[in-house]
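Chemist: Residue numbers (the working numbering), protein chains in the order written: chain Y, 1 to 367; chain B, 368 to 710; chain E, 711 to 1039; chain F, 1040 to 1718.
Hint data in this document are derived by calculation from the structure and do not stem from the laboratory.
A hint or two may mislead.
[What the hints assert, rightly or not] Quick list of the computed label-pair ranges, beta carbon to beta carbon:
(1) B/Thr557 to Y/Leu191: 32 to 42 Å
(2) Y/Asp74 to E/Ala847: 44 to 54 Å
(3) Y/Val347 to F/Lys1495: 48 to 58 Å
(4) B/Asp683 to E/Arg839: 53 to 63 Å
(5) E/Arg932 to B/Pro657: 22 to 32 Å
(6) B/Glu702 to E/Val951: 52 to 62 Å
Think of the CB as a built atom: it goes at the ideal place given N, C-alpha and C, for glycine as much as any other residue.
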Amino acid sequence: MAQIDSEKYAVATQLQLTWWRFRRHRLAMVSMVLVLLFYLLAVFADFLATTDPHATDARTSYIAPQPIHLFDDDGSFRPHVSGIKGVRDMRTFKLVYTVDPSRKVYIDFFGRGYSYNLFGLFETDRHLMTLKNPERGDGIFIMGTDLLGRDLWSRLMVATRVSLTIGLVGVTISLFLGVLLGGVSAVYGGLVDTVIQRIIEVVRSMPTIPLWLGLAAALPNDWSVLQIYFAITIIISLLAWTDLARVVRGKFLALKEEDFVMAAELAGASQGRIIFRHMLPSFASHIIAAVSLALPAMIISETSLSFLGLGLRPPAISWGILLQDAQNIQTLALAPWLLLSAIPVVVVILAFNFLGDGLRDAADPYG
Amino acid sequence: MAEPILSVRDLKTQFFGPEGVVRAVDGVDFDVFEGRTLGVVGESGCGKSVTARSVLGIVDRPGRVVGGSIMLRPAKGGPAVDLAKLSNEEMRRYRGPEIALVFQEPMASFSQHYTIGNQISEGIKLHMGLDERAAKKRAIELLDMVGVPQPARRVDDYPFQLSGGLRQRVMIAMALSCDPRVLIADEPTTALDVTTQAQILDLLRSLQAQRGLAIILITHDMGVIAEMAHDVSVMYLGRAVESGSVQEIFNRPQHPYTRALLKSIPTVLAKPRTRLPTIAGSIPHPFNRPRGCAYHPRCAEMIGAVCAGAEPPPVDTPDGRQVRCFLHGGREAAEAEMAGAKA
Amino acid sequence: MIAFITRRLLLGVLTVWLISVLSFVIIQLPPGDFVDAYIAQLSASGSQVSAAEADSLRHLYGLGEPFYVQYGKWLARIITGDFGESMEWRRPVTEVIGDRIWLTLLLSFAALLLTWSLALPIGIFSAVRQYSFADYAFTLIGFIGIAVPNFLLALVIMYFSFVWFGTSVGGLFSAEMTLAPWSLAKVWDLMKHLPLPALILALGGTAQLIRIMRANLLDELRRPYVVTARAKGLSETRVIVKYPVRAALNPFASNIAYLFPYLVSGSIIVSIVLGLPTVGPLLVKALVAQDMFLAGTIVLLLGVMTVVGTFISDLVLMWVDPRIRHQMD
Amino acid sequence: MTTRRKFLGASAALAAVTAPTVDALAQAVTAKSAFDQSGLVGKLEGPTQVTTIPSSFKEAPQLGELVKAGKLPPVASRLPAEPLVLKPLESIGRYGGTWRRAFIGPSDGENGNRIMASDKLLFWDPTGSKIVPSVAKSHELSADGKTTTLFLRKGMKWSDGAPFTADDFVFWFEDLYGNKDIVPSPIPDMSAGGKPGRLVKIDETTVQFQFDNPNYLFPSLLAGDTLIGGGQAVRQSNGNTYAAYAPAHYLKQFLPKYSSEAEVNRRAREAGFDNWVRMLHVRKDWQLNPELPTLGPWKTVRPINTPTWAMDRNPYYYVVDTEGNQLPYIDKVIMSLAENIEVVNLKAMAGEFDLQERHIDLAKLPVILENRDRGKYDVHLDLAYNGADTTLHINMNHTADAEVGKWLGTADFRRALSLGIDRDQLNETFWLGLATPGSTAPAEVMPESPGPEWRKKWSVLDIAQANRMLDGLGLTKKDSEGYRVRTDNGQRLVIQLTAVKAFMDWPAHAQMIAQQWRKIGIYGDVKEQERGLAFQRASAGDHHILVWTNGGTELLYLYPLWALPVSTANGSYGPETARWYASNGAQGTKPSDPHMLRALELFRSAAAQKEEERNKTAQEIWKIMVDQQFHIGVCGQSPALMGVRLASRRLGNIPGRVCIAQHCRTPGSSHPSTWYYKS
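Pulled out of the complex, with its shape left as it was, chain Y reads as follows (with noise of 0.2 Å):
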């Protein structure tokens, strides 16, 4: 009993510094709480999304963001949104959008819109905001819309979820391969180790986008949305794990050395709970660090996959996917506002970024 005491005790100093180091940066603290928001986000995607983020309407083709008005003419609080309505001009062949401010449509705060299942356990239709008296073609429209009428803001709300999550399930897959591969490499040294080495450095040779090519094109036709999006974690986080087995195997081998490794082998511990009780907590938070480094890398493959038009496709929405459909001119020139797409994705890799520095600084103060 005792003796456990006093190893957690030990194990938890060595976090607890690491959170009071980690602390002081006042950057990836922010960060830190930024990447939490945006799980948040996540989970609570569809509740957040004003309106169905598949469903397309050609009357509300590249709507530019239309602002929500908080106050109705008599100044009480009455959130709002002007009607809109839209005209081609055939000269220009520009969809020209009139805002007719005399038709207000309210906004219905928790009201009803289209159903979805809450953290995949219960289905319900209650959405955050939700339009009180809508003609077709009326939508909360604040980061307007894209060419096949699709809310955007409804849209990122669900790619953030898809993105996000790709991000962690590749981390765990990559992460899980790595401490295993790159421990025993480290544990057992000699034949494995030289044998784990090569695959390394042969993986770590082939350039990227063929593997990504030959691997998404090989995933089977009938495979649904949920079975790429997965082939596809899994694909990219083939690659990644390399990096991770790397940074595992040589602070193994650093370890291997420390007194107190020494010591526990000494006392007869066997070789398994070295790893797990003693060495394992020593560099957790060096594996923590590589891992909110190694996020982003995984969010930005997942971006470069769909623009390659790979990894995952329209119907399904993540943030490659949103990038890529501003990949044109047209968007550019006709529905900038595409772009702000991009906004979240830069903000989450620095955030992922910023957290990990800190993380690393603060486990490993001194090198």
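Use these hints to put chains B, E and F onto chain Y, whose structure you have.
Modeler: Below, chains B, E and F without anything else, positioned relative to chain Y:
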């Protein structure tokens, strides 16, 4: 007694972190004399090393010397210079030729990317204006002097090719390369085994005898102090709690902390299998510096409220020592002041 | 030393071989073969290819044979220096790549140069002035470089340079110069087109390197040998440049190996967006068209570059770090 | 013929009858006034052929120089005795200039083939309604329909100066087409009533195609973009070896017959090829081999497999203008390789291309129009004649999933799918309202059109009826999200829409359709795939529905590929049926659907029918196809495919409207050789 080479008064070095100010050195006084060794002793974290760095003006940011004086008497005579007031540029001229440093980790204190010859001759070239060849020749002489075998060959070795003892010898050679008058040795033997430790201490002693070096020996090891120091300054939480000659400190320690330190030295006379006495508790965190006497939470001889309420002033004892403890004076004045404050 | 180099070389050959197998497998992974892709292309443009013709084409290209036979033949040819013919381009692979490899190398090299000349000073500055305003500013700019997907940046920059300056940025030469033989004017033309893609390409890598440099240097700056050097009375610049910067360069050296393939991989997407005649778009097209020999050769080439890069970076590491050099003995 | 031509000329107005209206966009008016307002759809026009041969001939200055230097024979002796004479659209042009254009890689050979289209034996006038002479100065169809005689131009020369004669036809027929190593299987164009035909030399300038059965269709095949009539540029490149003639004097050296197999193989290996067949395929490909003699207005000087595909004028081109100037006016064509479509469009907008219609994206029209003055170009919208730029090609032989196969094979199911599509929405979103929504039947101006009522048959949104029909089929049960479930296992019935991002963003079209199908309880699963993969899966019959165009079907007999399962080259309606038809019933499976069987029988019988009757048959086939909804049309008759034309304002003789149709070889029938730089 002769005039000190280095005279430190009320030295204060503080670290300005985001959570507040850490008073790493909080009013330290000491004098260093030619041919004598001043031992600075204390538990780790008491501010010994920061004191040493403060003297050299190389306190890492966000730390800064905020007060006090460091008077250095120049070799050629003339008025003493206050190092604490010099700019970094001016200070550089004193590092090496006047004051040199020997570090506690001989391995980490060398760059692994250059040969020891390169690293020794660097200072020589800078301060003594010698050319490459002359500097190398001097480096070999220095290695010979500190007892490195085959110095002409060793001069081209990299630090990692040397044993720990040799490395520390080289470190000392490097420190002495510009003939400094003051050598600060910061835990010079901590990382070495006992035999090597003795050799290095011997070396320092003989060098001191040859050159009349003033040495500031920083250590946590009372044994080393006993062996090396002429004068001793015991530090606790950034302050010297007791200072005096080595005999008096060892024979008649006056501060409870000094007494506690001395008790924790193992002696051959001790009974087998008895626990060594330790000092209760551990050093408080710098942010949680206790009110009053910083040592009072751990003190076995605490008098009462006054220890927790007021800081003991330095008291000069009749045998020429200085102690900061109410056991030895200053209690009445402090109590009076406390009462006055309450009223 | 020689034993070490031989060992590394042998391992390198082994790696290259593994890469060649892997790349061949990957190219074969998607269902169908070149003839299928080719027929699809022809049908899309109105031509028709019957099943009988498809079979004859397959026979012509030797596609009907089992995988290992195709691989064996390919390998046997490569050993003799014959990389085969690109099915899509209907030219020897070496010629097809030859047109582009130099531009790719040039672009990557320009990006590399840009990366280092930006990352080193900024990284050092950021570390030495840690938590200063400039450190935060550079870090932020650097991170944005990492965070903004470079394909997005590429198109946006291309479009706005068209809107504002009326010039199209795409390509590495202006239309008049593509056909011209090499001359000073053509080199100048290339120089005018090079910086923008190189910059876009360099952004991500620069940010990465700034971070590595800053982190390494921060670690090194805390080491006792820096104090030792300061205690010698060296100037601060000299202290930092001679000691910690030198030590922080170690990871730089070991990164050389992966920097080049990283740049080439990165250049694929940027090149597609900007329409640059590099091997990147060629590789993607070859993979899509299942043009085996072309795709295989490019992948192999990149693999070899990495292996050679690893080897070079080992040598550089040995040169930079005496510890490694002495471990060899 | 003339009446039909009038029809086509007026097609812009006619096409506008069916107006795209979306109720909130009611002011988006009818397409007719849309075109009027935009002023972008011009008159269907082009150079006309005249029979008067000018008394003297002139040539481009640089050719004149060569003649003076003795390196080239004088122009009169380079031209045939009876050159083809074109009256340019506006005026006689001036020589000079380089036509800058974009292409997207070695697979984009059509980009050049189409401007070489005057190497066809017979061709169409610029309105696409009348067969006119081309390489052959005239043709004659025997009364029994069994022989078609071609009369060649006396003294006509290949681009290297060698005479072009009937022997070049015989060489093609016997040495190339007849060689199984080169052409593994005979082509349907060269047979009638299931019996192969022959090509026979009558004299130096006369050749005859002889069939055992009546083949009234054959002259049309010769004029169309068919395997037999496509011309050397398109049909003897990319590994094909069709189109009826070849430069015998040049190609003989690559054939075993004229030396030995060992010898030609040796030469092939020397040149870096595996065997002589591969070398021949490259040497007879005008895109790849600058040395290959050709008949078109320009010839390759830098092959297509380099970053710049460049062409110079053909000094022996057989066409002159009414003043005797040898065409083409423009000296050079330079196509620059672009790695992506956005770059092509951006460069076109920057005015870096002089005339570009290929790879121009309709979705960018507003931006293109905005930059007209900056890029100094005019924009023309050329409307096509095919029924549906976006067509859902339904696999009626799907076997992998029996339940899905059953429904796809059921007419009412297909009709319901069609009724569930809101075409006006798609038109507005993807065609900027410029298309005509409706079935797959060709434009009403086309002689094969079954009539205007067939445009809307089963092809107008009617959700109620669609739901009634689906309920009537027994698909009454729905899952929690309102989608109909399968009758075999109660799972959701999923219909895959395989879409390729090619000429249009078809995956996006499919997404919108899938969304619309929610209202009829059908779950449409959009599968965006790479083109090769999609086609390969389609030809294996793995797909449910393939989203692609039906371009070319405006003349059913000349290009049936995307209308009926008659060729193994397209398996999208069921590869087994196609194999059955192509092999005359020897292989594959006979279709069980009597309507399909009837359509195929009608199609097979048509070759033996004279034009008028044949057109009636085509109308009959279209009625069956539309009624049965073998393929579901969405929107068509639009400028989406090669119909957005950016022409530099420096160019002269540019038609207001170009015929967009497979048989017109857009812009081939407008004779780019008559275009010129005004300054």
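Chemist: Does each hint fit the structure? Answer for all of them.
Modeler: Going down the list of hints, with the structure as the test:
One distance hint, 32 to 42 Å for the beta-carbon pair threonine 557 of chain B and leucine 191 of chain Y, holds here, with the actual separation near 41 Å. Hint check: aspartate 74 of chain Y to alanine 847 of chain E, Cβ distance near 48 Å, so the stated range 44 to 54 Å holds. Against the hinted window of 48 to 58 Å, the Cβ-Cβ separation of valine 347 of chain Y and lysine 1495 of chain F comes to about 50 Å, which satisfies the hint. At roughly 46 Å, the beta carbons of aspartate 683 of chain B and arginine 839 of chain E sit outside the given window of 53 to 63 Å.
Between arginine 932 of chain E and proline 657 of chain B the CB atoms are about 29 Å apart, so this pair conforms to the stated range of 22 to 32 Å. The hint said 52 to 62 Å for the Cβ distance between glutamate 702 of chain B and valine 951 of chain E, and at roughly 58 Å that hint holds.
Hint 4 from the earlier list is the only one contradicted by this structure; the remaining hints agree with it.
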